[in-house]
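Q: Residues per chain, in single letters:
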Amino acid sequence: MNHRTKGDWLLDISVYVFLTMLGLMMLLPLANVFSKAVSAEWAITSGKVGIFPVDFQLDTISEVISSSTFLRAFGISVGVTVVGTLISILMTALTAYPLSKGNLPGMPFFMVLFIFTMLFSGGLIPNYLLMRQLHLIDNLWVLILPGMISVFNMLVIKSYYESLPEALEESARIDGAKTYTILFRIILPLCMPVIATIALFYAVGFWNDYFGPMIYINDTAKKTLQLYLQDVVMNASSTNVLNKSIDDLMNMSPEGVRAATVVASTVPILFVYPFLQKYFIKGVLIGSVKG
Amino acid sequence: MKNRKWLSLLLGTGLVLAATACGSSGNNSAGENNANGGAATKAPAKTEAPATDKPESDTKPELRVLNLWSKDDYNTHPLAKVIEERTGYKVKYEMLPADKAMDKLNLLISSAEPYDVISIAGDKAIYTDYAKMGALVDLGPLIEKYGDNIKASISEASFEAMKVDGKIYSIPNRSSEFAGYNLMIRTDWLDKLGLEMPTTLDDFTAVLKAFQEKDPGGAGGKGAPMSIDGALATVANITGAFGIATGWTEQDGKLVSTAQNPGFKEYLTYMADLYKQGLIDKEFAVNKDATLKEKFTSGQIGVIQLPWYDIPTVADALNKNFPDAKFAYLPPLKGKDGQMGIGMSGGYDRITFIPKSAKHPEDAIKWINAKLEPETFKLISLGEEGKHYTFSDGVYSPILPIFTDERGLASSYLTGIDEVNYPIYWQARVKKDERLFEGFAYLNREIPAEGRVADPLAFAPSLPEYAKNNASLNQMINDFAVKVIVGEESPEAVTDFAAKYDAAGGSASAEEVNVWYATTK
Amino acid sequence: MGAGITDLHRKSKAPALKAKAAGRWRLAWRNRDYYVLLIPGLLFLLLFKYTPLYGVLIAFQEFNIFEGIRGSEWVGLEQFRKLIESEEFAQVFTNTLLISVYKIVLLFPIPIFIALVLNEVRLMAFKRTIQTIIYLPHFLSWVIISGLFITILSTSGGLVNNVIEWFGGEAVGFFVDNRYFRSLLVFTAGWKEVGWNAIVFIAAIAGIEQEQYEAAAIDGAGRIRRMLHISLPGIMPTIVLMFILRLGSVLDAGTEQILTMYNPVVYETGDVIGTFVYRIGLGKMDYSFSTAVGLFNSVVGFILIISGNYVSRKFLKRGIW
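Residue numbers (our numbering), protein chains in the order written: chain A, 1 to 291; chain B, 1 to 521; chain C, 1 to 321.
Bound-form chain A, shown alone (with noise of 0.2 Å):
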């Protein structure tokens, strides 16, 4: 592997130049709101703020961190998305395993009883009315328990357990290992990949979800850190301006106080998949297994 030829020199690079080029267009965005958060408010109205913060300060941030609301709907954000992640990756785990044997009988027809729930829902209202009658409004449970099962991670697992080699089953079987064991003991040891890939699609879903918060939540004790940013942010949006009072109005946030609440909100959930790359990056080594 260490002799490198002309091509790969060249092929190598590209992909730097490439890569390093993509990397700095996605950070632009980032960055300015981040330099939005720590610029005095007058350099923001007047859009000087671009990549780099114009007069420094911190007392936004601070200020949106300190604040009693933020902290108790960080708590809740962060305590809701670990729960949540671990039931539904064991959920989804468990769950994509039958339905990867698409050769047993009525598999695939279980396959197309989950695809339709991807494309069908009832609606708002029988969904609300479901949840009052399992007593679970304002009960912090409903914002992940129908969740749980995401059908779209569930294909992501299923489509790799498909590409494990059957070899590798039907040797376990053959030491007389039970369908449960070959799934904990063989199987997921070997997904840790995909299983990265899904926790961190859980994470990221349960950290930003706003609209089951929104509906089910109505203690203000228990609402979310996304619940908190999307209406600090969505606050100031046109559409929702109209109905404002003229004191609502002289009220309003200010642009920087906005940018902070989205820096403090979005931060902790950008650490979770560096985290995680080490799965990622990890090849997988079954080669030993293989018969």
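Any given hint could be a false lead.
In silico DSBU-like links for lysine-lysine, alpha-carbon gap of 35 Å or less [as the list claims (entries may be wrong)]:
1. K244/A with K334/B
2. K278/A with K317/C
3. K317/C with K244/A
4. K244/A with K145/B
5. K244/A with K356/B
6. K432/B with K90/B
7. K145/B with K334/B
8. K265/B with K500/B
No lab work stands behind these hints: they were computed from the structure.
Dock chains B and C against the given chain A, drawing on the hints supplied.
A: Same frame as chain A, now just chains B and C:
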């Protein structure tokens, strides 16, 4: 074959499940209501027994109040405590989301969440709907019985405006009428070019041209003499010169909407011409509030439409960038027949009602009534003299920053106002910034009365058809105005547009509005 | 297991149905463990997804929230008629399809390309950094992103137009020009989501056995060849899966995005079903109409997924089920 069997079996179970859920949910809401009723009678009984040490709690249950969104938690704000002390009621506040607030409210009301008091924005459409559906408590008898302060504070006219089918279902916060938006001009640019402040539309056009030719701001081709917000294409002050300062205007004794007013076509012709000459920002259609401010404060634009409450933000930024910059509101510009005027807004900015599902409707009214007791009301809206505000020459001035910290949110806590005194108290809010107050005072005091045009519909009663269509019809007008101004449609198309507007609910609204309007004369 | 199942696979349409049926039941019974594993998932599905499904009935009513589904008036296909017969429908529908198809054709391959390219990076620190950076835009809402683009693309001093003018071109009003608006939508959507969408492919590549690469290297295959002959086929199942699922949302051209970016000047090219429905529903409580539109979108999406899966099974020999 097999598959089909499976399918029918599963669909069968699914349907049965769905049906039971459907059925039980239907039953349930009724059941819940009963349960609520039961709880309502039980709840006080329950508190009676253990509450020997605290006699008030015998009769005063905790109220559950739903408010509009606010950045601060209503429960922990200092005002919550003040209100609790003065009224004796413990209150649990909840709030609607900032976005999709009405969707959420619909869910809560239709599923009979037991709120005792609900305050919403002055959206009469939704209020009327609820009242008509029988979701609200008729407040008439309750006010008669427990509402002395309410009766003393709120005018007969306001109650009249809240009536639905002859009954009062809500308590409104009447907001005083004032002009909000006007055109703001860079006066230092005028001075630099030796120009006078324009007073007629023709002067104004000339000023814009001068700005374009002589470039007093040195923007070097970037920017334009004037810019407007893409969502507000019927521009304050200019519309006045064409007799369409407000969304509905009187024509031969009848109210007509902008879409049907001959002035609309003239207005569009004028604006389209400005745009064609490059006097209006080429990209105005994209402008959001923030973009507009950005362009003005970075010196690219000489004239923008700005509400007075945005003055401090803009002034801060502009003066930081251009220490010598000065700006002021334009006076009402005279059109060719001497028509002019800045549109005013007014009406009801909060509506408070009690849903049928409330557990303590009587206590809710008592609470609202207690908050309107004159001293309490003053304490809530202004605070304590010497601590939160000072009073001299009939003017209330805030003491900063404590006024903003402890009373800044006051308007959100008000459920009904003292209609005589509140407008006077309220100005303390405007006085928290001198520049804010100047802008407000110019528009609403210095401009002669004929320069302001009142909205004929501001204090109209519930007009369901009008209320239902208003938002989407206004959007239609704005969309059409933008298209004509940029030249995508000709001003001649206004006839076709008016027909389309009528079909989309415009004529139904007009009919309803005029039936009412005829009764006011 | 293995062998027995594979033999039976997908041949049930053959004659001798009875024997086959018995065989299938026996097969299922022998593998009952799998069905047991499926129970929690199915219960979840029934309770949280299928129970509220009766809500689609709203689309056939003039729904009134206080009357509920039982009390509301039935209007048959009236709501659908309202959508299809409205004057703007033809334009709005065309726009939706065009924008959506552009997005699929132009944006679907990019994440795959990024994943393949990232796989060629040896410098771990660089790889991780880029991986993290490119998924960042996903976390910002459209309101913020469109605000940013309005500034960057402004004709009065926006970055891009400054560059264009510096090269002697004329400033372009991207947001107010029907010639550019769709491209703008596609570009910004790609910019926001390609990094995020690449993750699933990056993970799929991580699942490919390293041995294959080593074996190919020994055979003298260059890196490009390894990319095309090992990495790409290795993630093909994921690509097919993602593509079929993407078809399902073809009638959602990005309503949230367009709502924050469009304006009346570009309705001609940018107004889609979602934004149109939003505008005419402003201030009204028209649950039936919006449910009907949603149902219309879902039915089309579902048909596309089913057909996509069928075609893929037929020609690529793999599908979602």
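Q: When the hints from earlier in the document are held up against this structure, which numbers fail?
A: 3, 7
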